[in-house]
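Residue numbers (numbering that gives the first Met the number 0), protein chains in the order written: chain A, 0 to 437; chain B, 0 to 257.
Fair warning: there could be bad hints in the mix.
Said to hold, decoys possible - No more than 20 angstroms apart at the CA atoms, straight line, and that leaves these computed lysine to aspartate or glutamate pairs for DMTMM-like:
no., chain 1, residue 1, chain 2, residue 2
1, A, Lys347, B, Glu93
2, A, Lys359, B, Asp111
3, B, Lys85, B, Glu66
4, B, Lys122, A, Asp175
5, A, Lys347, B, Asp83
6, B, Lys89, A, Glu336
7, B, Lys122, B, Asp88
8, A, Lys347, B, Asp88
9, A, Lys359, A, Asp123
10, B, Lys137, B, Asp111
11, A, Lys124, B, Asp111
12, B, Lys85, A, Asp344
13, B, Lys70, B, Asp34
14, A, Lys347, B, Asp111
15, A, Lys432, B, Glu93
16, B, Lys140, B, Glu66
17, B, Lys147, B, Glu130
18, B, Lys147, A, Glu430
19, B, Lys85, A, Asp260
20, A, Lys124, A, Glu430
21, B, Lys85, A, Glu406
22, A, Lys359, A, Glu321
23, B, Lys85, A, Glu321
24, B, Lys122, A, Asp344
25, B, Lys138, B, Glu66
26, A, Lys374, A, Glu406
27, B, Lys89, A, Asp339
28, B, Lys126, B, Asp111
29, B, Lys122, B, Glu93
30, B, Lys89, A, Asp344
31, B, Lys70, B, Asp83
32, B, Lys85, A, Asp175
33, B, Lys122, A, Glu430
Claimed, not checked - Non-contacting residues of chain A with respect to chain B, defined by C-beta distances greater than 10 angstroms in every case (computed):
no., residue
34, Leu173
35, Phe247
36, Ala328
37, Ser380
To be verified - So the derived list for chain A, only partly shown, Cβ under 8 angstroms to chain B, looks like this:
no., residue
38, Glu102
39, Gln103
40, Glu273
Just so you know, these hints were derived from the structure itself, not from any lab. In this text the structure is predicted, and so the values were computed from the model without any measurement. Yeah, the Cβ is synthetic: ideal placement off N, Cα and C, and Gly gets one too.
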Amino acid sequence: MSGQSYIRTEMLPEQPAPLGETGIPHWLRENMFSNWLNGIVSVVAMAFVAYVLYLFLPWAIQGTWGYGSRTECLEAVGGDAACWGVIRDRFNQLMFGFYPYAEQWRPMLAFVLMLVAVAPILFDKLPRKMLMFSALYPFIGAWLLWGGTIWTPLMVLAGFFIGYIVFRIAEGLLGDLVGIILAILATVIWWLFLVGPVIGFLGGTEATADAAATPGLLPWGIESVKSSDFGGLMLSLTIGTSGIVLSFPLGIILALGRQSDMFLVKTFSVIYIEFIRGVPLITLLFVAHVLLNYFLPPGTSFDLILRVVIMVTMFAAAYMAEIIRGGLAALPTGQYEAADALGLDYWKSMRLIIMPQALKISIPGIVGTFIGLFKDTTLVSIIGLMDPVGLTNAIRGTTDWNGIVWELYLFIAVMFWIFTFSMSRYSMYLERKLQTGH
Amino acid sequence: MTQATQKPAMEVSDEVAIQITNMNKWYGDFHVLRDINLTVNRGERIVVCGPSGSGKSTLIRCINRLEVHQKGSINVDGTELSSDLKNIDKIRREVGMCFQHFNLFPHLSILDNCTLAPMWVRKIPKKEAEETAMHFLKKVKIPEQALKYPGQLSGGQQQRVAIARSLCMMPRIMLFDEPTSALDPEMIAEVLDTMIELAEEGMTMICVTHEMGFARKVANRVIFMDAGQIVEQNEPEEFFNNPKSERTQLFLSQILGH
Numbered sequence: 000m001s002g003q004s005y006i007r008t009e010m011l012p013e014q015p016a017p018l019g020e021t022g023i024p025h026w027l028r029e030n031m032f033s034n035w036l037n038g039i040v041s042v043v044a045m046a047f048v049a050y051v052l053y054l055f056l057p058w059a060i061q062g063t064w065g066y067g068s069r070t071e072c073l074e075a076v077g078g079d080a081a082c083w084g085v086i087r088d089r090f091n092q093l094m095f096g097f098y099p100y101a102e103q104w105r106p107m108l109a110f111v112l113m114l115v116a117v118a119p120i121l122f123d124k125l126p127r128k129m130l131m132f133s134a135l136y137p138f139i140g141a142w143l144l145w146g147g148t149i150w151t152p153l154m155v156l157a158g159f160f161i162g163y164i165v166f167r168i169a170e171g172l173l174g175d176l177v178g179i180i181l182a183i184l185a186t187v188i189w190w191l192f193l194v195g196p197v198i199g200f201l202g203g204t205e206a207t208a209d210a211a212a213t214p215g216l217l218p219w220g221i222e223s224v225k226s227s228d229f230g231g232l233m234l235s236l237t238i239g240t241s242g243i244v245l246s247f248p249l250g251i252i253l254a255l256g257r258q259s260d261m262f263l264v265k266t267f268s269v270i271y272i273e274f275i276r277g278v279p280l281i282t283l284l285f286v287a288h289v290l291l292n293y294f295l296p297p298g299t300s301f302d303l304i305l306r307v308v309i310m311v312t313m314f315a316a317a318y319m320a321e322i323i324r325g326g327l328a329a330l331p332t333g334q335y336e337a338a339d340a341l342g343l344d345y346w347k348s349m350r351l352i353i354m355p356q357a358l359k360i361s362i363p364g365i366v367g368t369f370i371g372l373f374k375d376t377t378l379v380s381i382i383g384l385m386d387p388v389g390l391t392n393a394i395r396g397t398t399d400w401n402g403i404v405w406e407l408y409l410f411i412a413v414m415f416w417i418f419t420f421s422m423s424r425y426s427m428y429l430e431r432k433l434q435t436g437h
Numbered sequence: 000m001t002q003a004t005q006k007p008a009m010e011v012s013d014e015v016a017i018q019i020t021n022m023n024k025w026y027g028d029f030h031v032l033r034d035i036n037l038t039v040n041r042g043e044r045i046v047v048c049g050p051s052g053s054g055k056s057t058l059i060r061c062i063n064r065l066e067v068h069q070k071g072s073i074n075v076d077g078t079e080l081s082s083d084l085k086n087i088d089k090i091r092r093e094v095g096m097c098f099q100h101f102n103l104f105p106h107l108s109i110l111d112n113c114t115l116a117p118m119w120v121r122k123i124p125k126k127e128a129e130e131t132a133m134h135f136l137k138k139v140k141i142p143e144q145a146l147k148y149p150g151q152l153s154g155g156q157q158q159r160v161a162i163a164r165s166l167c168m169m170p171r172i173m174l175f176d177e178p179t180s181a182l183d184p185e186m187i188a189e190v191l192d193t194m195i196e197l198a199e200e201g202m203t204m205i206c207v208t209h210e211m212g213f214a215r216k217v218a219n220r221v222i223f224m225d226a227g228q229i230v231e232q233n234e235p236e237e238f239f240n241n242p243k244s245e246r247t248q249l250f251l252s253q254i255l256g257h
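Bound conformation, chain B alone (with noise of 0.2 angstroms):
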């Protein structure tokens, strides 16, 4: 991937999808997310990065209510998250989600992977779900897998699937947890297609990444964290060229540096 000087012409709207107000969570006695403030518009494309263990992955994974937090608040598409169930459901079926591991359901084959959601959640008939699907397996360009199993395909093409299930419930929020941290070289290459596809589309992401190319080239705000705090977030731009922290400068040097 190349500089970010052909990034394409994606609207970021005024309407807030997300918004974070002084969120703290605790795993038990250890403070992992510490006064986190982050509103997100519709249309906008978030990248997360930072050392590992720096609650990246906890603070998205708070937003469909993955992890509980215990201080502030969180609201999504309007709707407040609280222990209220009617709304975890009703976050849950807005905000796709795709995991570092796929998390595919291995007794499914890829289209019932798909369809399953859409049937039993949103009660779509079967047939429409199915078209539904293999048009986003076609998107994904993996429609001739669609009768296999997860187990029969590679770690990018899992990826892929995982990708094209999430969007088959519609949702207007797609939530990455490090999609290709366990993917070689080639495989990251088509997932990160897929999503910068999506991207242009439209799609409100956040982004919990490695890859600073595909930062660079599709997100419209960089978040550094560390020690479960927002240290750092800038445009892509500025982030990587001109960082204002020592301990982003420090970051950025070690992942840039060979």
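Just chain A, with the same shape it has in the complex (with noise of 0.2 angstroms):
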């Protein structure tokens, strides 16, 4: 009987972990040579590591700078080194593709710029007033990278302005509903019919076929660059960025629209995913590039790299929607009938409750299209585009540089490398700060 009572009269203290459970030894075993399999794995998959590193290192570290030519080049190497030369003869045209020279400081400052702006998106202790300056970033940035009279990114920011001032108007004297309809319409209005003439009348116009050159009144403006000379990495940021901007609101739009009890506008949605989905990217660069125009009204002409930014766009909304609406499924129904219990509206519940937990769950694969897309825009090199792709062909076909592979892609690879690195690393740092859980 006594045996079998027992009291603990105290408690245990905390006694540290005896050795090998921790360190460098414990790691090594845990994780590389924890049995025999694994431990031949390991050694192989090092040996393997080290050999492709013997072949490459040698190469690029021995490879010269110099030299203007690949034969130069090849002369002064013996053949088994790189020739970085190419890099450093065409870094500018890999930057900027046929950017006017006096004029790349525009798009390093838009690209600055451009950091500020998104920073505050990202990361929410900085200041919440710079989200004002992010606002108005797109119009700074496009102005900054085409150029031409200040008032065309001025009138058209003041479309809004006016579908504001419209809305205020309307809405007191014929409600909300009929508000809002009379404000879109009056800013499309403004942006389709009045915009044009009125930069034209402030900004002065271009000699055309038909038209000879009007000065403006107050012709203020820098020099005008047009898109077929954008190119390089520029080309890729200002297509990819643009890209991952706009489909994001237009991915969670449509997500909604596909759990939508609305029969149109879930239909609309349907369709529109599994269509976009179901067709590749480059048929609608394609489309962009020479079908458009037979669509659009005669005498619009839409900028090329505007219609590849459109094409990019819808292209990963759809892709964007899916794995939204993905996350949106994961959410317990609770949740939904928490915020319906407590009285508020579709709208409300979806901002304050749905979205930043379904977003939450779906960094991953937002991030993960996020990436896609901008490794995409180097598609646009079939279009003709002189992204650094494109440039690749054009800088292998001169006699300087013919027959020069490696070094290019390689420096290519590395540099789109750095962009969509920072963005996985990011969506890993957003994940460990949104965990609320334990």
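Got two chains here, each in a separate frame; can you build the complex from them with the hints?
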């Protein structure tokens, strides 16, 4: 009887873990040599990595940055080393394409300002007032890149104010819904029919086939650069960031549309998503390149980069919508019910309760789509735009650098990798930050 | 919980809070709720019990339109429930609800869970909403958890937060949908204590629960449902000691029998 009963009188103190349960030897044993098979695989894998580095490193390090053509370079290094000279020689082109040299400070400034504009969106510790700048950035950035009269961005921006004023007036007289409809209508009419003449009046017009150039009232502006001069990394970033920024909200709307109870909204979303997802991006780019002009009213000439951005956005948005729909489906119905029971209306519950959680679940997929979109910008080389991959063909076609392969593609790969890897790291940071459970 | 001897003096007014008349509901072809008639006066505390699948949860979820009824009428605080969104919003502002699985918002802190609806639905300024939230968090005895996230709290604490969150909207009616079914015995007590306190303050409550001790102590009417119908309703004393219907007797013998 006494052997069965027991009372603990004092609690045991915590003790340090035995040796070999922590530190590097422990890590190695756990992760690389936990059993025979694991050990063999580790050794083979390390041997393979060592062999690849043994082949690659001498080639890369012994390579030369000098010389202006491949022939000279090969004579100097003897064929077994890299000719990095091509990158030094064509660096400017790989960055800016045929963008006028004297104006290249503009894309650089636009890039720096883009980082400033994106910062408050990525890091919520930064002052919220910075978001004002983020909202204005698309206009500043576009103006810096394409140049021209200052009135273009200002007057396009004015469309929003016109819409707002129309809304305030109509809302008071005719109610919310009519107000919104009239505001949208006014903005669209302004953009489609009035903006052009107003800009022409204020900033002046260039000479065309059937009209001479007219001087503007206040011809303030910077030299304008044609879209066909855009190229290199700058072009990839322009298309990539525009596509990312635009496809995200469009994807959210499509995901909500697909879940909607309203038959027409749902049907439209489903058809859109299934159609766009079922078509290769290259076909869409060809449509942008060739066919779009047939559908648009005669006389309107849509900028090619703008058309490509629209197509890339539409393409990525369809994928985005499906990823976000997955996030929405992963939420327990209790979240919807709790939001309803508290009296939140549809848009508020989506914005405050459902979307923050659904997007958090979807972060890996969303960032995956962003990365895919950014890399897919290299496909525009097929329709003749001079992105870095398009430029390699041009560079390899010159007599100086005919036959160069590895160095150029490696450089482009590293360039893209820097951006995509940053996105990937940011998504991991964000997931950790939003982790609230235990 | 002991016998209902010390039941506090809780007043029931003559004013009607909820009036359900000939309400029917179908899920597809399945007739879940059949001819429900129920009048709840202000200050009444009603416990709904019955076997699973009897439609008790569906019944109270119809009251704030989480479920749509197809026939009959539901009138809450003088507002008729129809597909009119304005009426639905109005009723949801007046009716608080607690769920079996708490349904706190995991991405928001406890405090934000409590202030969100008052700020966005009732348009109460942030500071005031936070004061109200802290008041109710104190009331459910977890003010020190205000800045934590739901995932860091125990089940009982989460359910008490859920109650506080509902109370922050200053509802006139509270619905409880099996609030203790997902909890350990130790935590059931803390949640029931909170609910008893609420009842003593005169809140109109409808509780779907199997806590018969709670029913004896707090309820002034117990409703027994089976197969989508109200089979029996009575004062708790009568209901437990002298059930009339055979179905009720069987049910009570099963849940009180061991």
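Now the hints, each set against the structure:
no.	hint	in the structure
1	Lys347(A) with Glu93(B)	holds (18 angstroms)
2	Lys359(A) with Asp111(B)	holds (18 angstroms)
3	Lys85(B) with Glu66(B)	holds (16 angstroms)
4	Lys122(B) with Asp175(A)	holds (19 angstroms)
5	Lys347(A) with Asp83(B)	holds (18 angstroms)
6	Lys89(B) with Glu336(A)	holds (16 angstroms)
7	Lys122(B) with Asp88(B)	holds (14 angstroms)
8	Lys347(A) with Asp88(B)	holds (12 angstroms)
9	Lys359(A) with Asp123(A)	holds (15 angstroms)
10	Lys137(B) with Asp111(B)	holds (15 angstroms)
11	Lys124(A) with Asp111(B)	holds (18 angstroms)
12	Lys85(B) with Asp344(A)	holds (10 angstroms)
13	Lys70(B) with Asp34(B)	holds (9 angstroms)
14	Lys347(A) with Asp111(B)	holds (15 angstroms)
15	Lys432(A) with Glu93(B)	violated (36 angstroms)
16	Lys140(B) with Glu66(B)	violated (32 angstroms)
17	Lys147(B) with Glu130(B)	holds (17 angstroms)
18	Lys147(B) with Glu430(A)	holds (18 angstroms)
19	Lys85(B) with Asp260(A)	holds (18 angstroms)
20	Lys124(A) with Glu430(A)	holds (16 angstroms)
21	Lys85(B) with Glu406(A)	violated (66 angstroms)
22	Lys359(A) with Glu321(A)	holds (15 angstroms)
23	Lys85(B) with Glu321(A)	violated (32 angstroms)
24	Lys122(B) with Asp344(A)	holds (13 angstroms)
25	Lys138(B) with Glu66(B)	violated (31 angstroms)
26	Lys374(A) with Glu406(A)	holds (19 angstroms)
27	Lys89(B) with Asp339(A)	holds (12 angstroms)
28	Lys126(B) with Asp111(B)	holds (12 angstroms)
29	Lys122(B) with Glu93(B)	holds (15 angstroms)
30	Lys89(B) with Asp344(A)	holds (11 angstroms)
31	Lys70(B) with Asp83(B)	holds (16 angstroms)
32	Lys85(B) with Asp175(A)	holds (15 angstroms)
33	Lys122(B) with Glu430(A)	violated (31 angstroms)
34	Leu173	holds (19 angstroms)
35	Phe247	holds (19 angstroms)
36	Ala328	holds (17 angstroms)
37	Ser380	holds (42 angstroms)
38	Glu102	violated (46 angstroms)
39	Gln103	violated (44 angstroms)
40	Glu273	violated (28 angstroms)
Hints 15, 16, 21, 23, 25, 33, 38, 39, 40, counting from the list given before, are not met by this structure.
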